[in-house]
Every structure is written in structure tokens, then in C-alpha cells.
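Note that our numbering has the sequence shown beginning at 857, numbered continuously upward.
Keep in mind the hints are simulated off the structure, nothing from the lab. Predicted model, so just to flag it, every value in this text is computed and none were measured. Keep in mind that a hint or two might mislead.
Stated by the list, open to error - If you anchor each label on the Cβ, the simulated ranges turn out as follows: (1) G947 x D897: 18 to 26 Å; (2) P902 x G947: 30 to 38 Å; (3) R893 x G947: 34 to 42 Å; (4) E894 x M936: 20 to 28 Å.
Stated by the list, open to error - Straight-line Cα separation of at most 30 Å, DSS-like style, residue types lysine-lysine; simulated pairs: (5) K945 x K913; (6) K945 x K908; (7) K908 x K944; (8) K913 x K944; (9) K898 x K908; (10) K913 x K898.
Where is the CB? At the ideal position from N, CA and C, for every residue including glycine.
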Amino acid sequence: MAMLFHMGTASRELGPLVEAVAAELRARRAYLNLGIRELADKARLPHPTVSKSLNGKRVIDVEELGRLAYALNIGPDVIMRDALANLKKRGFEISSYIPSLNNADAADLRRFGIKPRLSVVPPTDTEDLHNVDISGEKMAASKDTKPVPPERGES
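Start from the sequences, fold in the hints, and give me the full structure.
And the structure:
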């Protein structure tokens, strides 16, 4: 039986891709001679968030990457492309890294430089989900309903 693993933010902080993206953002910030506070203001992100993100102390989510990249007058795709290219120059193949994570145990994660804080989640049987009859629910959802008075619902 295959097990799925979910890693918390702290587990992923040391991942090589996060570090490479942070390095690209730092390089672009330095090139534009922007301070961290100025970048944070332009990206409309809290200063501590930007500082931790650029120093590889936290995972940068997709929204943050977009905001930071555009505040640096560059697309997030360019940041990712350059981060992946730099990893490849250092002999690190992302194509072997990601599939390996799917089957990794705690010892494997340590070899990748990731702190293994894992919670095991039982796999879902998707076949059962495809055979569920939801026609009644669809019909009920499409019926007109009376509006909820403001005192009972959200105002």
C-alpha cells in the first residue's frame, strides 16, 4: 500500500529549489539596488516575510513569487528558469529530485537537505470517487433558494 507524505513549511525550507529561487531574487534585488524594505513595499508584502524569503528561511509561495518578481520588474517565469539553470550548472537535476521526493523516506529527505517532519496520510481510493452518483446533489444545488435575512446570515 503506497503512502503519501505531506511536508510542512519547516520541512521544505532547506530544499535546493527554494534556495535557488531566493538566490535569484537576491541577485535581482542587488542589481536594481533595492533595499529589502523598498522591495517589500513595492511587492505589498510584510518586510519580515520578504527578508525571510530572500534569505531562504521560509518557503516562497506562488503568489509571493509573482509579487516579488514583478516588484523587481521581471516575470516569475524568468526567476524560475534562472534558478533551475543555476541548479543544473551545479550538477543538480530537478527532474530527478522531484520524483525522488514522492518515494522518499526520512533518510532520503535528509540526503536532499530537507528536515524530515512528515505526517503520513492514507491514500485515497479515487476509483470509488468516480462511481459516486451525485445527480440528486446537483439537482438540489441548482434549485432556487430563498435569500437569508441579514440578521441570520452575513451582513
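Tested hints:
no.	hint	result
1	G947 x D897: 18 to 26 Å	violated (38 Å)
2	P902 x G947: 30 to 38 Å	holds (36 Å)
3	R893 x G947: 34 to 42 Å	holds (36 Å)
4	E894 x M936: 20 to 28 Å	holds (23 Å)
5	K945 x K913	holds (23 Å)
6	K945 x K908	holds (25 Å)
7	K908 x K944	holds (25 Å)
8	K913 x K944	holds (22 Å)
9	K898 x K908	holds (16 Å)
10	K913 x K898	holds (21 Å)
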